[in-house]
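Colleague: Protein chains in written order, with the working numbering: chain W, 1 to 349; chain E, 350 to 622.
Pairs of lysine-lysine residues, derived as DSS-like cross-links and limited to a Cα-Cα distance of at most 30 Å, are as follows:
{"no.": "1", "chain 1": "E", "residue 1": "K614", "chain 2": "W", "residue 2": "K106"}
{"no.": "2", "chain 1": "W", "residue 1": "K277", "chain 2": "E", "residue 2": "K616"}
{"no.": "3", "chain 1": "W", "residue 1": "K341", "chain 2": "E", "residue 2": "K616"}
{"no.": "4", "chain 1": "E", "residue 1": "K380", "chain 2": "W", "residue 2": "K80"}
{"no.": "5", "chain 1": "W", "residue 1": "K310", "chain 2": "E", "residue 2": "K616"}
{"no.": "6", "chain 1": "W", "residue 1": "K221", "chain 2": "E", "residue 2": "K616"}
{"no.": "7", "chain 1": "E", "residue 1": "K423", "chain 2": "W", "residue 2": "K80"}
Hints listed in this document are in silico derivations from the structure and should not be mistaken for laboratory results.
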Amino acid sequence: MNDILIFKEYIGTFCNNLKEAFTVYGVKQKEEGFYVFDEIDEFSDPLKDYKPTILPPKKYLFPQQETLLRFDTQPYPDIKPVIESWKQILFGVRPCDIHGISLLDKIFTTDHEDKNYTQKRAETIIIGIDCLEPCYEHAHCASVGCLNVDDGYDIMMTDLGDSFYTSVKTLRGEEIIRKYSEYTEACKEDRERFLRLKNERENKFENKIKTDVSNLPLFFKNADNDPVWDELNDRCLGCGRCNIVCPTCYCFDVYDCMDLNMTSGERCREWDACTLKDFAVVATGENFRSTRGQRLRHRFNRKFNYLMTKYNASFCVGCGRCTRSCPVNIDVVETVNAVIKNNRNREDE
Amino acid sequence: MNNSIFLPEIAEVISTRQLTAMEKYIELKIKETRKFNFNPGQFIQLSVFGIGEAPISISSSPFNKDTIGLCVRKVGDVTSAIHKLEAGSYIGIRGPLGNGFPVEKMKGKSLLFIAGGLGIAPLRSLINYVLERRDDFAKITILYGAKNPGEILFTNELELWKKRKDIAIDITVDKPDDNWSGKSGVITRLIPPLDLEPTNTYALVVGPPVMYKYVLLELQIKQIPEDNIIMSLERRMKCGVGKCGHCQINGVYVCMDGPEFSYHKLKFLSEAI
Numbered sequence: 001m002n003d004i005l006i007f008k009e010y011i012g013t014f015c016n017n018l019k020e021a022f023t024v025y026g027v028k029q030k031e032e033g034f035y036v037f038d039e040i041d042e043f044s045d046p047l048k049d050y051k052p053t054i055l056p057p058k059k060y061l062f063p064q065q066e067t068l069l070r071f072d073t074q075p076y077p078d079i080k081p082v083i084e085s086w087k088q089i090l091f092g093v094r095p096c097d098i099h100g101i102s103l104l105d106k107i108f109t110t111d112h113e114d115k116n117y118t119q120k121r122a123e124t125i126i127i128g129i130d131c132l133e134p135c136y137e138h139a140h141c142a143s144v145g146c147l148n149v150d151d152g153y154d155i156m157m158t159d160l161g162d163s164f165y166t167s168v169k170t171l172r173g174e175e176i177i178r179k180y181s182e183y184t185e186a187c188k189e190d191r192e193r194f195l196r197l198k199n200e201r202e203n204k205f206e207n208k209i210k211t212d213v214s215n216l217p218l219f220f221k222n223a224d225n226d227p228v229w230d231e232l233n234d235r236c237l238g239c240g241r242c243n244i245v246c247p248t249c250y251c252f253d254v255y256d257c258m259d260l261n262m263t264s265g266e267r268c269r270e271w272d273a274c275t276l277k278d279f280a281v282v283a284t285g286e287n288f289r290s291t292r293g294q295r296l297r298h299r300f301n302r303k304f305n306y307l308m309t310k311y312n313a314s315f316c317v318g319c320g321r322c323t324r325s326c327p328v329n330i331d332v333v334e335t336v337n338a339v340i341k342n343n344r345n346r347e348d349e
Numbered sequence: 350m351n352n353s354i355f356l357p358e359i360a361e362v363i364s365t366r367q368l369t370a371m372e373k374y375i376e377l378k379i380k381e382t383r384k385f386n387f388n389p390g391q392f393i394q395l396s397v398f399g400i401g402e403a404p405i406s407i408s409s410s411p412f413n414k415d416t417i418g419l420c421v422r423k424v425g426d427v428t429s430a431i432h433k434l435e436a437g438s439y440i441g442i443r444g445p446l447g448n449g450f451p452v453e454k455m456k457g458k459s460l461l462f463i464a465g466g467l468g469i470a471p472l473r474s475l476i477n478y479v480l481e482r483r484d485d486f487a488k489i490t491i492l493y494g495a496k497n498p499g500e501i502l503f504t505n506e507l508e509l510w511k512k513r514k515d516i517a518i519d520i521t522v523d524k525p526d527d528n529w530s531g532k533s534g535v536i537t538r539l540i541p542p543l544d545l546e547p548t549n550t551y552a553l554v555v556g557p558p559v560m561y562k563y564v565l566l567e568l569q570i571k572q573i574p575e576d577n578i579i580m581s582l583e584r585r586m587k588c589g590v591g592k593c594g595h596c597q598i599n600g601v602y603v604c605m606d607g608p609e610f611s612y613h614k615l616k617f618l619s620e621a622i
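With the rest of the complex left out, here is chain E:
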């Protein structure tokens, strides 16, 4: 009886950290004494009992098997309830779900991370993975765009990444304020100046739907092969296991076939972006 696909396991909130006005980072530990193995880019269905369930991408490093880190934006009922949780609270999780980024195929290649807004959350998991295995990859470039300086996530970590000599990182905001000394403008402007080796590069792109269209254009101008452009999609999900129909894009299910897709696959799906 205990193999219902809807049965979550219980996790304890270990810590919470307010990142911005809208985003909170929460760290979970599952109660079962097992290691939580996942691929960067996978997600979980997170339950606040009495409120509901929502799909949240995993933001922590897959090398950390003891806790699970999530960056949660307050946008709906479940995420608002998550924001109210404090250390010591209990929630339910199902997962890891989905497939994650094709890390094996990416080995030996240069990586171009393009994160828009909350898109940094799932990419952070992958970035931490590749930084841990730095020698497995060629050039690493991280582009990160936020609406305004106040919405930049993981600022401490960004500072650490900036200090590293073995990666390049560039950050821009759409609307700078008086204290902002960095670049301003949309993230797509960071792409043209890059010196890329297109066939040897994987572009990992996560951001709001509006960003994809323009980023794709720039990446195609750079002649990155369609198979090497990987995007992660957001959809509403009620089951996470290919049944409820909510995340379906044309013939594919984001939960089962994604949430990461190559542009080669997505370009045939009219409802994708």
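Same shape as in the complex, but just chain W:
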């Protein structure tokens, strides 16, 4: 399908039409300056200039709590997997969050496919909204190569003022456009305007990390004993907020819940956080990352070294949510730059 224009006056109708066949999740303002993804009732225009939502949209693919099994223990154990999914649309997802979802796709399909995730993902259509201006001071998407996004969405919309320049990536994206939206073919002038805006944005997004992102695993491999972890050890509260708001954090806890009859129940999983004190405690009581500095080092290494090395992509997508939500203002960009700087200083010595 060629690129199209969807005029803004039709966006509301498009979104409302989608609700006939899908559960539609979009961006709502929760309070001044704070946005959330939530089920859309009446469509208002949330797409303009929203700052990253408090939680990323991963919650619709990997919910905070999720049932994995239902079991009945009497008279004989009867265990059934629970994999819940429904046709859903994530409307207005930013490039950083699309990257986040693409990374989770890798995690949950590699080695052992996690059907609880992949089945939800298969039924999810993603309508992206491109960024033409930095959304807020904590964003560093350009520094980690996540401003531009080529994959992981079905439809991408770019704000041209009175309309959205819309590129359709997938067949199912095309189907919903044809079925539920008013649109016109984009003409040559529209395309030129779109490309001009895309070009102009390049200078607006600052490269905040002081090296090419692909070098970061090398810096982190050499930073196990970096003083930055001692400094953060004294500041970090070990609260886990950075984990909880991260689009690419996927660690979880698993627990059983019995029904009141005490014979049947559920096994559930719930988001967990590697910065929490008990995360790496073993049965005999040893804690292999007992200090907050060690746990933060682990978290940063997951984003910029361990997973990055395995999957050849930065696991920080630059949304800045961790920085925004940190109660003691630990800044992801500052921390990465400190690791780079300390490494360089060691080279000089």
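Given chain W's structure and the hints, the job is docking chain E onto it.
Modeller: Same frame as chain W, now just chain E:
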């Protein structure tokens, strides 16, 4: 729908045996009519429904494909619930998980088993394997250390092993009591007197984290190559399939990449031991 990675299969508890105050041996039989094939050193995720799941190493011989033997120490919610199970109870298992010891590479070599405390549980599976295939291996030495005589596991089996002429076995306890006539002191003291052929020897080491540091020192003094020192690590695991993140050590997952690792691999992992 039935291919959830979290779905356990049902196993019946065939028998239970109290080994010590803290450890119980339980024997399981899976309900599916299939053989349970595994490598020594692999583990299962064991479910007590309503309580939870815990990773437990397999302690029985891999040649016994009909039942699965586990030595379970009562330390948490799940293991306490396991201790209450009696023959005829049903539980869930997922596995075998992990990789196990590199038995193919070990063929033709001398083997030095070093078991501290509950570390004998996974090593017992491997020991039974090599005793069954005794001719495939050169010299076999088993070192076993426990905190006190009351915590020594598999005492009957140890007696049988002691009687064999084709293996050497040495046992020590940290704190002897009045009835103890054997050696006392930490397990590391058993290593220096050994006459080893370092490059032809595999050391298989399983024990509490504190033991590894000192055992490694002694093994390095003996000049055992780093690739030939194999250790099995314990971590909390919630999924067992490389997702939940709990067992991660630096860049590796104990469930997927281990639980056995060579010292050569572990020495680069600052959070390993």
